[in-house]
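Q: Next come the chains, spelled out residue by residue.
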Amino acid sequence: MTPVSRAALLSLVFTLVFDSKVLADPDLPPWSERAIQDDIDIESLATSGQDPIPLLQALGEHLFAAKFTSLDGAGRPDATGASVPTKVRRQSHLRFQRLAGPDANACASCHNEPVVGGAGAFTANVFVSEGFESADFDTIDPQFSNERNTNAIQGAGLIELLAREMTADLRRQRHDVLSLARRNGRPETADLETKGISFGRLTAYPDGTLDVSRLDGIDDDLTIRPFSQKGVFASLRQFTVNAMNAHHGIQASERFGPRWTGTDDFDADGVSAEMTPGQISALVAWQATLPAPTRKKNLPDIWQSASTRGESVFGEIGCASCHVPALPLESLIFHDPGPFDTAGTLRQSDMEKPLALDLATLDWIKSLPRDERGRTLVPLFGDLKRHKIADAQNETYGNELLAQRFVARDVFITAELWGIGSTAPYGHRGDLTTLNEAILAHGGDATQSRKDYSALSESDRQSVIAFLRSLEIAQ
Amino acid sequence: MNFWHLCSNVLLGLAATTAFNSTGHADNRRTSQAPVPVFAEEAGAAGINHTYDGAWEFFVGGGVAVFDCNGDRRPDLFLAGGNNPAQLFVNQSASGGALRFSPKETGLSGKQSAKVLGAYPLDFNNDDRLDLVVLRLGENLLLEGKGDCTFEIANRALGFDGGREWTTSFSATYEAASDHPTLAFGNYVDRSQPGSPWGTCHDNFLFRPELSAAGQVSYPNPVRLSPGYCSLSMLFTDWNRSGEQSLRISNDRHYYRGGQEQLWAVSPNRPPRPFRKTDGWQHLKIWGMGIASIDLDVDGFPEYALTSMGDTKLQTLDVEADETVPVYQDIAFDLGLTAHRPYTGDDLKPSTGWHSEFQDVNNDGLWDLFIAKGNVEAMPDFAAYDPDNLLIGQWDGKFVEAGDVAGIDLDRRGRGAGLADFNADGLLDLIVVNRAAPVSLFRNLGEGTTATVKPLGNWIAIDVRQPGRANTRAVGAKISVKTGNRTVVKDIQIGAGHASGQLGFVHFGLGVAERANIRIKWPDGDWSHGYRVFANGHVIIERGAEKAHLWYPE
Numbered sequence: 001m002t003p004v005s006r007a008a009l010l011s012l013v014f015t016l017v018f019d020s021k022v023l024a025d026p027d028l029p030p031w032s033e034r035a036i037q038d039d040i041d042i043e044s045l046a047t048s049g050q051d052p053i054p055l056l057q058a059l060g061e062h063l064f065a066a067k068f069t070s071l072d073g074a075g076r077p078d079a080t081g082a083s084v085p086t087k088v089r090r091q092s093h094l095r096f097q098r099l100a101g102p103d104a105n106a107c108a109s110c111h112n113e114p115v116v117g118g119a120g121a122f123t124a125n126v127f128v129s130e131g132f133e134s135a136d137f138d139t140i141d142p143q144f145s146n147e148r149n150t151n152a153i154q155g156a157g158l159i160e161l162l163a164r165e166m167t168a169d170l171r172r173q174r175h176d177v178l179s180l181a182r183r184n185g186r187p188e189t190a191d192l193e194t195k196g197i198s199f200g201r202l203t204a205y206p207d208g209t210l211d212v213s214r215l216d217g218i219d220d221d222l223t224i225r226p227f228s229q230k231g232v233f234a235s236l237r238q239f240t241v242n243a244m245n246a247h248h249g250i251q252a253s254e255r256f257g258p259r260w261t262g263t264d265d266f267d268a269d270g271v272s273a274e275m276t277p278g279q280i281s282a283l284v285a286w287q288a289t290l291p292a293p294t295r296k297k298n299l300p301d302i303w304q305s306a307s308t309r310g311e312s313v314f315g316e317i318g319c320a321s322c323h324v325p326a327l328p329l330e331s332l333i334f335h336d337p338g339p340f341d342t343a344g345t346l347r348q349s350d351m352e353k354p355l356a357l358d359l360a361t362l363d364w365i366k367s368l369p370r371d372e373r374g375r376t377l378v379p380l381f382g383d384l385k386r387h388k389i390a391d392a393q394n395e396t397y398g399n400e401l402l403a404q405r406f407v408a409r410d411v412f413i414t415a416e417l418w419g420i421g422s423t424a425p426y427g428h429r430g431d432l433t434t435l436n437e438a439i440l441a442h443g444g445d446a447t448q449s450r451k452d453y454s455a456l457s458e459s460d461r462q463s464v465i466a467f468l469r470s471l472e473i474a475q
Numbered sequence: 001m002n003f004w005h006l007c008s009n010v011l012l013g014l015a016a017t018t019a020f021n022s023t024g025h026a027d028n029r030r031t032s033q034a035p036v037p038v039f040a041e042e043a044g045a046a047g048i049n050h051t052y053d054g055a056w057e058f059f060v061g062g063g064v065a066v067f068d069c070n071g072d073r074r075p076d077l078f079l080a081g082g083n084n085p086a087q088l089f090v091n092q093s094a095s096g097g098a099l100r101f102s103p104k105e106t107g108l109s110g111k112q113s114a115k116v117l118g119a120y121p122l123d124f125n126n127d128d129r130l131d132l133v134v135l136r137l138g139e140n141l142l143l144e145g146k147g148d149c150t151f152e153i154a155n156r157a158l159g160f161d162g163g164r165e166w167t168t169s170f171s172a173t174y175e176a177a178s179d180h181p182t183l184a185f186g187n188y189v190d191r192s193q194p195g196s197p198w199g200t201c202h203d204n205f206l207f208r209p210e211l212s213a214a215g216q217v218s219y220p221n222p223v224r225l226s227p228g229y230c231s232l233s234m235l236f237t238d239w240n241r242s243g244e245q246s247l248r249i250s251n252d253r254h255y256y257r258g259g260q261e262q263l264w265a266v267s268p269n270r271p272p273r274p275f276r277k278t279d280g281w282q283h284l285k286i287w288g289m290g291i292a293s294i295d296l297d298v299d300g301f302p303e304y305a306l307t308s309m310g311d312t313k314l315q316t317l318d319v320e321a322d323e324t325v326p327v328y329q330d331i332a333f334d335l336g337l338t339a340h341r342p343y344t345g346d347d348l349k350p351s352t353g354w355h356s357e358f359q360d361v362n363n364d365g366l367w368d369l370f371i372a373k374g375n376v377e378a379m380p381d382f383a384a385y386d387p388d389n390l391l392i393g394q395w396d397g398k399f400v401e402a403g404d405v406a407g408i409d410l411d412r413r414g415r416g417a418g419l420a421d422f423n424a425d426g427l428l429d430l431i432v433v434n435r436a437a438p439v440s441l442f443r444n445l446g447e448g449t450t451a452t453v454k455p456l457g458n459w460i461a462i463d464v465r466q467p468g469r470a471n472t473r474a475v476g477a478k479i480s481v482k483t484g485n486r487t488v489v490k491d492i493q494i495g496a497g498h499a500s501g502q503l504g505f506v507h508f509g510l511g512v513a514e515r516a517n518i519r520i521k522w523p524d525g526d527w528s529h530g531y532r533v534f535a536n537g538h539v540i541i542e543r544g545a546e547k548a549h550l551w552y553p554e
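Chains as they are written, first to last, in full-length UniProt numbering: chain V, 1 to 475; chain C, 1 to 554.
In the DSSO-like style, the derived pairs of lysine-lysine whose C-alpha atoms are separated by at most 30 angstroms in a straight line are:
(1) 482/C - 454/C
(2) 454/C - 87/V
(3) 388/V - 195/V
(4) 482/C - 547/C
(5) 398/C - 285/C
(6) 111/C - 146/C
(7) 353/V - 195/V
(8) 398/C - 482/C
(9) 349/C - 285/C
(10) 195/V - 296/V
(11) 353/V - 454/C
(12) 521/C - 87/V
(13) 451/V - 296/V
(14) 87/V - 67/V
(15) 195/V - 547/C
In case anyone wonders, no lab produced these hints; they're calculated from the structure.
Okay, chain C solo, but in the shape it has when bound:
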């Protein structure tokens, strides 16, 4: 008998494999095998004191723009306030440390900063400084970024009529050969119509850029996207890998009559046209509140998560469909993604979903889905305690709820949100705008504590630029990340979610891969060469550059 056998008098079985974070919920829901990150709420400590509130008009909205407004590459925040003033917070978080923000004047008047429902960043004037589109109850604003988180209202300079509508959604795209973005604004109820609010949804608007003989751009003639069905989220998306962006609009059935979810063909130099039943588009009526899009199976046809009251949909192009017929089937149930009622607590009434976003919060290389949840106000037929969802992607393609395990299950009515790495530690943090309650700001601690953050999988953060060209932030580009023989893709888009947009580093989890090959499909369809990068860092890929630049936030 050898040394080891002698020692084996104490024999303990290791048969029990590692068990990750049991939920403890009575419904015996599945436990995530993928690691679940721990989130610590620290909005107050981070210096963010902000509440979105207001009357009926602000039951919806409550967005946040996550973008770098001072050129330090760290994501800053513009928060809608409803009746309260919108606020700008500049990111001063130390790398890898606690989150820290400081408020900064928006430069807007009291009147202009009030009645804000949401905001989306983009670079509409191609100066490589991010601008902001502000959605309001009343005149929408185009804010031109002037650097150092200062802005100027550009409505007049751009001939843009911000309107008087109740604007609740937005998306932008660069149509073929255009150096300037096409802007789509989605509106909610037209309160001025007789019988409002029932059946009185406002039309949506499409603003296409026009160039003067002198080369000046303006947006003088909006096109009506009629009928409107009370849009709460919209997204320009290349649903059929045609290279042309169509406009998907998610609508609130609570107020429309005869409405449905919509998809508009927006072909260059042609009037927009809604897909109809004869085009294969199927009638779907939901309380559509937030769109999240990702190509889960990397087949070139994105999947769409649509939040609603009750169950979330996950639409995938039907196997019977082809690239001309937008027929979708709902696979949310199959993948465990319905999130139709609170996963914890005693309230079994249906959920109310708002902002949704696919990201990889545990860096395992699988997409996860965040959904902001919250009762509209006091709707008795829907859950009052309705915690936000964190659905963790599993290796079998399904999703497992872990919001409570992660610690984001606060008793607040979530609306808009955004996931971004505020402290540049490779773990996506989370901001949630709540109705009539303080903003929640969660720091992702990995598997650690506030004292000691512990990383999860490997990751890479990618910023894509087109220097010297229009569309500096490459909206419409596709980022392809290959590790081993596995590829994941993500599009750079402006739109979706609920009244909340982001622009900046795009985050990918790499799991156990220590390297990755990145390729960019630029907005004009050209593919880049492969960029070879090592895990756990920030890279900047400029069109035409031989090598990626690295960024160190130390």
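Only chain V is shown next, with the shape it has when bound in the complex:
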């Protein structure tokens, strides 16, 4: 941890107090069962000129691993897990349950393989749905939920930065084609592409209207949403606010507070103001600064040789057309809040100045290659784009009944393969135990690559597996 002046820390750190007893003696006893004890004044931190990473990282790490208790506000008896504050139709008699949630004590109780912040086994699957209003009834109907395996978060800061740059670039292209149509007085069409990834076509009309029907792999608002198996969350911050409510019943004030719900205890568990913007920022910072996955070092020769061959085959059979080995990143400054969040997730406009986390100061970043323009090459093996990945012949990845956030059941964002060697099992449901099974499950847009893989010699198929298993999350 970078040394931080004690005086500055003292000016920025607060301890939450919830009841009169604590107010009377705010210094909690060391045996306190409260997991959320500390807070950070992010407005002061953002303007202090200080490197915010050490301060935020430390609290974020603590909160990520903390087992939240009822004293913190764990549980949401009167609220659903939906991202929009929603009251339950009838309360469950269970504080926790694995279907409608809350389903976890801590972030780390699922994100823990091979290290905290990592992926989860099938055991740690969760159920995503915005339709739960009655834990007793809705959850036994499969149309109300999809089962999802826990994703690894390592490298997520770089992923979000890539997504932000791509969103900004695509919106600039939208602006340009609109201007062109206005100027020329006739419809104009643009092929959208950013960082070498195509996102379909956009037709602009002279009156400023847009035809978005030919967009490909992105939402109509041209926001890259890189997070979740489906690819439907724009930022770590948005995801964190959602997850804190859905999985723990910890409700962030920036979405569930009186401003948007009329109460500071929307879930009616007797605990108000359960999580502050500062605490969310700490969680975001910790996740955003998690080291990106790497490649296994010191492989035995036989594995290294196979891996090298496998990486070549991976490209030859078209896997790399979606699982793009690396995307270039212009800036390593991670602003929190980010530029594309909307109301309910803290926005840049809600602060005088956003926090600026310079990821370039992190040791692990320095090992990433740069291109001739000095851009950081992020080795994600992904394209941050959604694709149809199942069809009638191969419906493994289309095994859900429910669209999620406007995205059809057979469409998912390309899984980033960095770290895949550390994150078995595979697939959005975590029900594929080997990489070979996961590859053979590809359908839809990936059908040809899957066929080409199937047509490989056994040796080449093994080499692809050897390559993929070399992509690891360091322990």
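For chain V, the structure is supplied; the task is to place chain C on it using the hints.
A: Relative to the frame of chain V, chain C by itself:
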């Protein structure tokens, strides 16, 4: 003791939750928990120099039509002037910037542009260019939009007799199977009668379209809606979710004798018929000046806010009523919506309410109510300083006054008004026509300043069209917006308010939702499929289209 405990030597409680904008008024009225937007008055800077004024006949009226007259999808303005000429202002505001308008000739003669009390936009000839109905002291005018904010008087072409009355209210609907609108004109005092003005309210008129053998439409034979009770606002509304629009009329008890608020059944091919006591309609006598309608509880039965001198009413269909019996109860007091006297200042006399309009000014997904206020002229028993109201909807279903916090509490006598997003930044701005004082034009800054606007909740603006059909702007349609498990609805209507109408993008606050599902109940009762849209943008939904079009005002 860990790192954080070491740091907790400085321990400050965060027990005080965020407090929004205290009103500071001595009556200790409730503070809004929902965010209150800041409004900056910038009519002069925006290039709008206009005053509604005149003698007794112009104590009432003072309307504004908010509509796009040049096809750029930005709302323009037609302002009634009373004794002063009506004026047209073309919107030239930069997106997200300060408001800016430029005056443009109306094409009306000096005589025609004088004595205008109000105006309502609609597309009466189905050419998808908005037309204008102009209410006057004397001949009312149907102005056919010709594009680029030019108009032609269409009275003669449509066989429409604009009359000689003192017209103070208007509403329009498309009756079943009709390709052309039915027009209702509400009149005030008949000054030619003996004993005027007391007890001499003029009849109102209903103009139904008639088609010639050649298919030409005309309005030759108005039907009298008699008795008239000095109407100051009227609205075609589907009060009982029957699919048929009835005509609600709010009347000024100051001049009528034996009058009341009215509801007329307007069934296709049948003469209009007033609901009577035997139909369940209850006698209500108020100084009715402006109607605002919204379905607050989304039960299919709209609520109606009726402004008056003194308290505002909020009528909801009584639980004992059914779809054939229009029995209403007043819930204004329960919801904190009476707005019966000034909320700030020292004047405790009753208020005088005029234009009213439900909109969502803070984009939190809850309806707010704006009421224009102002003494009739110098009535000593009513408040002289009578600021406009901005009643912010709360999550408990009640409303909290925040006009002063928002900065709209000017010492002017408000009349007509309109809320629209003039600079396309997702925040509803406000124009208020004042009697004998300059028009007020307020820019909504969210929680920011003129230098830096700060957004509030998420929002969506929806323009609904029926291309290739009559009723191009889908008057009578219902827009349903669903976020999460919550639905809000709004009808596309022409009428209500006080002498002021609007047509264009319909604005919905979405709160913290980043997406919404939109469905349209078209005027013929058919429901559209769901349109999935992302927050914070303008969408255009054309009947039959698979996807909504997006509009970017950049």
